[in-house]
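Undergrad: Working from the sequences, and respecting the hints, build out all of it.
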Amino acid sequence: MTLVVAFIGITRPPVWTDEAATISAADRGVSAFVDLVSTIDIVHGLYYLLMMPWIDVFGSSPLSIRTPSALVLTAGAFIAVRLTMRYAHVEAPDRAVTAGLAAGVLFAVLPGLAWMGQEARPYPFGTVCALLAWWSYERWLRTHEDRWLILLVVAHLLAIYFTLYAAMAVPLYVLRALGHGRRTALKATGAAAALGAGTLPLVLTAVPQQGQVSWISTTPLSMLQGMAAKQFFIGYGLSDGPWFEPVRVIAVILACLTLVLVLLGMVLGPLRRTQAWLWSWIAFPALVLLVVRLVGGQFYEARFLAFTAPALVVLLALVTTVCIRRRAVGLVTLGVVVVLCVPAVIGQHERTKNNSDYRSAYALLERADTIYFLDAGSRAIVTAYPQQTPAKDPMLLESPEESGSLYGRNRLLDVALQGSPSGTTAVVTQRADREGQGDNHDAVVDRFVSTGCTVQASLEDAYNRSTLLECPAP
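In this text, residue positions in the sequence shown follow the working numbering: the first is -17, and each later residue adds one.
Keep in mind that the hints were calculated from the coordinates and are not lab data.
From a predicted model like this one, the values you see are computed outputs, not experimental measurements.
Among the hints, erroneous ones may be present.
[Stated by the list, open to error] Below, a list of computed lysine to any residue pairs in the SDA-like style, where the Cα atoms sit at most 20 Å apart: (1) 374 - 398; (2) 374 - 394; (3) 169 - 184.
[Unchecked claim] DEER-style ranges, computed between Cβ atoms: (4) 250 - 172: 42 to 52 Å; (5) 397 - 345: 23 to 33 Å; (6) 345 - 250: 47 to 57 Å; (7) 171 - 310: 20 to 30 Å; (8) 43 - 394: 28 to 38 Å; (9) 21 - 43: 37 to 47 Å; (10) 245 - 274: 47 to 57 Å; (11) 349 - 235: 42 to 52 Å; (12) 279 - 43: 37 to 47 Å; (13) 202 - 456: 53 to 63 Å; (14) 227 - 199: 19 to 29 Å.
We treat Cβ as the ideally placed atom computed from N, Cα and C, and that holds for glycine.
TA: Now the structure itself:
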């Protein structure tokens, strides 16, 4: 079911800024790739490395770059189902299959997971690796076979290299192991130490690049609101369109309903320890980021904690199928949760991600013979949707490969503007309220108009401004 939901309308949302970064980073040689991640996006380096051969073989169309995410997320659904059935079997063997089916449905439609199946970014990879580590941990606690502990370390280390924030879940392994005897606790501590050592090179490289998240600006209240509603019940990227306002209301209802169900599950009694373990996966990373925010740090973004969403899936599946003894009541409750999740999933399939409509921008720019990208980052548009015949790019000084960057390095504006434009010409900038040359957009357009160019069309979205002009022949 997860695969079906992921592939329905998978090409409908336009490729957006972060996905363009995936294309740019993965569509280059190994040497240029090393140069790139040494200065930017090291936290996504493993994902880019995996996408390099994929793009070489299958190209960089929206379907191609999003298919790996859909496939990997589907594998995660299988692991979540197996975990749920294992937990349910302890208390109610006769309901294990029902619990597994519930988990499969919830995994497919929970907005906090569904968005990842249509996103060419590393988050589903990190989520599934964290799930595999979690499953290995359960096997190790039950069998005490060291091979499962080794698999845990490998899987969770991969999760961290796909999603750095997954490192916040590592202490949970040690805390739970404390209740299983001294020997088990010592082995879990050793595994945690191995994970710490394995993560250290990534952290040391990522620290100088932490300016990449400097754009994050949240208050403790907005963080709590995001953690309660957006993170799980809206999903990332849905911020406009006809579905957005209804989904915001529904997300609050779902958050309240989930809180009631969690409390009900604890009161009713079965699987209290399991529920506490599942809740710790959700609450502990959120609490860490909230404390960091209270002392002045800014590191919370809903998608960064996407790896915690499977814990909510398993928790809701167990409460509705095992903890609620009346089967009919539990299934009806499950049905209500599923139905309330559907509008957000539909909205995700219809959306322009974060109001970034690169497809429409490309439709305008493909007519241009010359494009003045006043900000290097605006080249993400033609990275996402390459022109059949690349336009002249007077602003480009060094290509992405030469500059070790995602979109190249620009020359000085005055140098690029020497002479008069001719033919169909476009001016593209990042929005004036974003970091860049947005304030120069009108000045450059006015300068071209003064030489005889006429404005043919313009477009503005959350990230870029584009203006198309027709200029006289020289």
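Undergrad: Does the Cβ pair residue 397, residue 345 satisfy 23 to 33 Å?
TA: holds, 30 Å
Undergrad: Residue 374 and residue 394: Cα distance at most 20 Å?
TA: holds, 16 Å
Undergrad: Between the alpha carbons of residue 374 and residue 398, is the straight-line distance 20 Å or under?
TA: This hinted pair holds, its Cα atoms lying about 12 Å apart.
Undergrad: Look at the Cβ atoms of residue 349 and residue 235 and judge whether their distance stays inside 42 to 52 Å.
TA: holds, 46 Å
Undergrad: Given the range 53 to 63 Å, decide if the beta-carbon distance of residue 202 to residue 456 lies inside it.
TA: holds, 59 Å
Undergrad: Assuming the hint says 37 to 47 Å, is it satisfied by the Cβ distance from residue 279 to residue 43 or not?
TA: The hint (37 to 47 Å, Cβ to Cβ) holds, given that residue 279 and residue 43 are roughly 38 Å apart.
Undergrad: Starting from residue 169, check that the Cα of residue 184 is at most 20 Å away, please.
TA: Roughly 24 Å separates the two Cα atoms, so the pair is violated.
Undergrad: Would you say the C-beta atoms of residue 171 and residue 310 sit inside 20 to 30 Å of each other?
TA: Because 45 Å falls outside the window, the suggested range is violated.
Undergrad: Kindly confirm whether 42 to 52 Å is satisfied by the beta carbon distance between residue 250 and residue 172.
TA: Given a distance of about 37 Å, which is not inside 42 to 52 Å, the answer is violated.
Undergrad: Please test the hint of 28 to 38 Å on the beta carbon pair from residue 43 and residue 394.
TA: holds, 35 Å
Undergrad: Given the range 47 to 57 Å, decide if the beta-carbon distance of residue 345 to residue 250 lies inside it.
TA: holds, 56 Å
Undergrad: Go ahead and decide if the range 47 to 57 Å is satisfied by the Cβ distance of residue 245 to residue 274.
TA: 27 Å Cβ-Cβ, so the 47 to 57 Å window is violated.
Checked against the numbered hints above, the structure violates hints 3, 4, 7, 9 and 10; every other hint is satisfied.
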